[in-house]
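Number of protein chains: 4
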Amino acid sequence: METDRIGVGLVGYGYWGPNLARNFYMQKDCSLLAICDLSPGRAELAASNYPSVRVTDNFQELLDDPGIQLVLIATPVSTHYDFTKRALLAGKDVLVEKPLAATVAEAQELVDLSDETGRILFVDHTYLFTGAVKKILELLESNELGDIKYIDSVRINLGLFSNDVNVLFDLAPHDLSLLCCFMKDDPVSVQALGAPVMENDQEAIAYLHLVYPSEIIAHCHVSWLSPVKIRRTIIGGTEKMIVFDDNEITEKVKIYDRGVEFRNNEMSQSDIYKMIVDYRMGDIVSPRLSTREALAEEADYLVECIRTRQRPFTDGRFGLRVVKILEAAQTSLRNGGLSVEIDS
Amino acid sequence: METDRIGVGLVGYGYWGPNLARNFYMQKDCSLLAICDLSPGRAELAASNYPSVRVTDNFQELLDDPGIQLVLIATPVSTHYDFTKRALLAGKDVLVEKPLAATVAEAQELVDLSDETGRILFVDHTYLFTGAVKKILELLESNELGDIKYIDSVRINLGLFSNDVNVLFDLAPHDLSLLCCFMKDDPVSVQALGAPVMENDQEAIAYLHLVYPSEIIAHCHVSWLSPVKIRRTIIGGTEKMIVFDDNEITEKVKIYDRGVEFRNNEMSQSDIYKMIVDYRMGDIVSPRLSTREALAEEADYLVECIRTRQRPFTDGRFGLRVVKILEAAQTSLRNGGLSVEIDS
Amino acid sequence: METDRIGVGLVGYGYWGPNLARNFYMQKDCSLLAICDLSPGRAELAASNYPSVRVTDNFQELLDDPGIQLVLIATPVSTHYDFTKRALLAGKDVLVEKPLAATVAEAQELVDLSDETGRILFVDHTYLFTGAVKKILELLESNELGDIKYIDSVRINLGLFSNDVNVLFDLAPHDLSLLCCFMKDDPVSVQALGAPVMENDQEAIAYLHLVYPSEIIAHCHVSWLSPVKIRRTIIGGTEKMIVFDDNEITEKVKIYDRGVEFRNNEMSQSDIYKMIVDYRMGDIVSPRLSTREALAEEADYLVECIRTRQRPFTDGRFGLRVVKILEAAQTSLRNGGLSVEIDS
Amino acid sequence: METDRIGVGLVGYGYWGPNLARNFYMQKDCSLLAICDLSPGRAELAASNYPSVRVTDNFQELLDDPGIQLVLIATPVSTHYDFTKRALLAGKDVLVEKPLAATVAEAQELVDLSDETGRILFVDHTYLFTGAVKKILELLESNELGDIKYIDSVRINLGLFSNDVNVLFDLAPHDLSLLCCFMKDDPVSVQALGAPVMENDQEAIAYLHLVYPSEIIAHCHVSWLSPVKIRRTIIGGTEKMIVFDDNEITEKVKIYDRGVEFRNNEMSQSDIYKMIVDYRMGDIVSPRLSTREALAEEADYLVECIRTRQRPFTDGRFGLRVVKILEAAQTSLRNGGLSVEIDS
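Chain order of the listed sequences is H, P, V and D. In this text, residue positions in the first sequence follow my numbering: the first is 41, and each later residue adds one. In this text, residue positions in the second sequence follow my numbering: the first is 41, and each later residue adds one. In this text, residue positions in the third sequence follow my numbering: the first is 41, and each later residue adds one. In this text, residue positions in the fourth sequence follow my numbering: the first is 41, and each later residue adds one.
One or more of the hints may lead you astray.
Identical copies look the same in the list; a pair holds intra-copy or inter-copy alike.
Claimed, not checked - The calculated lysine to aspartate or glutamate pairs, modelled on EDC-like cross-linking and capped at a C-alpha distance of 20 Å, are:
#, residue 1, residue 2
1, Lys269, Asp297
2, Lys269, Glu291
3, Lys269, Glu279
4, Lys125, Glu156
5, Lys269, Asp323
6, Lys175, Asp323
7, Lys68, Glu84
8, Lys280, Asp323
9, Lys175, Glu149
No wet-lab data here; the hints were simulated from the structure.
Bound conformation, chain H alone (with noise of 0.2 Å):
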């Protein structure tokens, strides 16, 4: 019935997961029944922050608990494919954590087995349910920008090294949902390039430089080595451009009211001296947000669509346009930036 609590697992209590451990359990229609994590000094914490939640070391046990009807998995992304695969065939929907996968051919396979066990695969792109991503859709949607001509994104900071991934999948899966959000179209080809400036094989900074079939172009700028964080996306479209600026507190997103296309043949030559200095050619507009947390939005996203069994927009498919994207960039950085095209 209606007011039965979906029964919630989590495995992976390192670094997200105990955001997803919170907002589950505090989440109405849910109940968090079970933490796993293989290291005992996580599983410890996991006991301590939730007495009344059973913690195991055993990932079967999720599965094999029919009380639980979701599984969370923010486990490091090499084991995404094994978790997933086995909670769907236990007959569990899934909300797993970005990156799907850690290859295409991976992703393709859960995508598929979502798709034959009618289970929900959701991948865990947090970003797409804060306030400042919807506003930008809404904004996106009314067509105020006019056409979109580039989006530059860059998402920097001293980041953990990962002993899992580089950079490109641990911080460019952020800025590529954001792309598949907001572009219809998929892009066409990347070229990615980047070092690794430590000894270590994995890259800590990439560039990326992706084409798109309307000729828009797209960059982001990814980095574990930067001191200072940064956390902004530029849209530029004909009639506005939008700066999303993350690090903001209260100005996440801002819309000046200037396009691309200030280009004037027949302005005079002292006009043309005045438009250096001066500029900013609009007003700006910072739109009131919603701001209340992502993680919590999603999750009540997540028990509707787990309840009237509709399929998320950060379903599999949308989380396999993002891994392939990864892996053409993947290729490209090691490639010295070779142009990688992009099966769509």
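Start from chain H and add chains P, V and D according to the hints.
Chains P, V and D in isolation, oriented as in the chain H frame:
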């Protein structure tokens, strides 16, 4: 005799010319004697601003005036070669706007001509005379940063669409002059990606990726199409990192007590999780900077070079290094990001 | 035995209560056993958030439960006295929201009762447990600032219009707790100016001017009517100055290597002009701060106080010092800024 | 005839004088003919900066020169009265630095003298000619803000310790000129609190509290002892609020779509909690501003007033309003914050 003022003539009273005029008018050892501009409107403005200075539309007048020892050239890039050549051949010392010339061949010829005539050829890389850049040079020389691993520079705003050059030639000379100052070596190759974005043929957005012999990587993003003005250079060293943000009023330079080698294999699991949240690893110092106008500083230095006949550090050879990178980047840009070698 | 968890009951699940609930639920040595709220809506939310915790609308239940050793009180200010008194008399240790009570008389009585019962009375001045405040206290103790000359604090935003207290009692306790920590002495007098601004009788804007025995002056501006959120405290010393800006994400504390005695009578005329333009006189250091949630830090400290029966530094006496200033300020506010002495 | 340039003489080439010199030298309808400074060092600098301008240490020379129609006075406040009086009596139009004079009596006499002689007395409240202030005046005139409820202004930095005046006379004229522009009425009373802080007798920190007939309150904080430079004015209206932050490069003026009457008695409990977290209640607009130098704008306006013999809005009467508040504030400051009435 020493107390005689240096006679100065300026050609080009457009965007930058008025700044040169003001600083050399005020410079205590210079006399601004003549201003030349072909546009009647600009000439009229010059005459109104400097009633005591002769205004002309004939550049030859400046060359013929024996009282003029120094010619300042602030005209479109495509004309630098011609004006500079004529001034050197007329026996004048020359300050010319950056970039030195539109091609390597032209720049090389001007360097040679400067050598032959014994006249000073000073390229106006004003940026290098700011208090911020001088402080960064000090820090680099004292080796406080350890080994430099990367430099990332962003210089974007809603700018003038020049009819003369693309965004690469308009904005990148700032960043490349920093790189030529900061790095002992020149880059071995460059890859440049970009797009015209507008209907005209000039690129308005460009991304440059430079590779150095020491495996340092440098990246520059220049754009005329950004609604926000960003002028930020990050220098990542193994011991410390610098962020130079030219939009900051007082804290333009910040030194982060954190290098790139923070990885510790013996780090315990819980430390790793701690490090993720706590991404700032040490103190930040923002050193006191000189706030004197860079152009005034530069004018004093040029006067000293003229008096003592010493070769300025921003001489023709320095300007040529910048033009070599620009030309190679242009070739790469027009060939889809092809890696182009730079002749050093 | 040592490993037994401390039983915790919370009254008030309004604005701040959920934060207390979350932190004491997660605290490894505590068990959150019961939440009490009179509002059915809030009680329902508490029950949904913490399915394993008992929810009640009867405060007496908490007092009657022998398993509850610690009572957390997060109710309106006017009720602090009554709830705290009952809890102390029932033999419970108490954490009560700031300010400790609505009047000096009430606060004094609670202090006395805490002494008589031997129960811990902990006032929840959370702010003092932030990494920023701890670092500032370290700096003050090391005497790096020289003699403190002034403290200026601004705490304004678009806030809730409390029906319970005015802006003085709502916001100033933060600033006054800082002052009580930073200064060895208490102020000798206070003048407060303000205005209701709205039709209701509660002041929404207030300015406090405190005079200390050592002639230090302190000023606080609190407001519910500012469109921007500002939380900034400046501490001016003779050697250095500190700016604590709580809106900054990473650089909350900045130490300016500049004291107030920069006046130099032998200074030449030209130095004076130079100083005007160049208003920053030394380096700025932004120290690394702990980023742990203040309330988690505070919860650990409270547990330690309970275990060791030590008097917390934010005990009833500390809370009373704050209430004494508040009451005097209130008197001044209602008498047009009259200077009101503070009994110490 | 119309095309004749206005002859201009300047007295005082200290901190502000060079800005006046530069702007009036460049102003197309003015000729800067003479600069007077008693200090040999400053006179020498003036001569070096403006080789074509006569430099003297004798103010009388300016008065005796029939070619000089306009005298600019940028000398210490205590000398404003004497220099201005002599210039008016010599038949010159006068621009004098703010504040107009050191006392109400002096200021009143200058106003009367200006009336008697028919000469223009222009007080250099430069701030009022910035693009930001002009935009705010437009917004106030269009009544977009609803009823103004409060104005809060902060103007603090590490400043020059003037031997001439205290911080009140040095910095508050900016804020008071804003208030005199923004408000139709003058304040009825003022209370000022402050402290010398340093060994010298001049106050270096002051807080002003102004009460208006309409019960609007205004507050100004001025200081020479702040390590950070803050220049911010908040205007709270019943419909909208404005924040004017002069430290911002491009977004100096922000209009918050939020008034003070957001209190709603029918608001449900949960809405109240929502409002607390979500303190921004509407969009923010940052209008495009003119970026022309205020002093250039002011010089043009003064020329127009001289040509048409119209009374400038920043005339002696305006300057007198500011001095009246300053004098009353000074009295309050020296009497421990006594409420002092302002004669209007």
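Exercise for review: Compare the structure with the hints numbered earlier in the document and write down the numbers of the violated ones, lowest to highest.
Suggested key: 9
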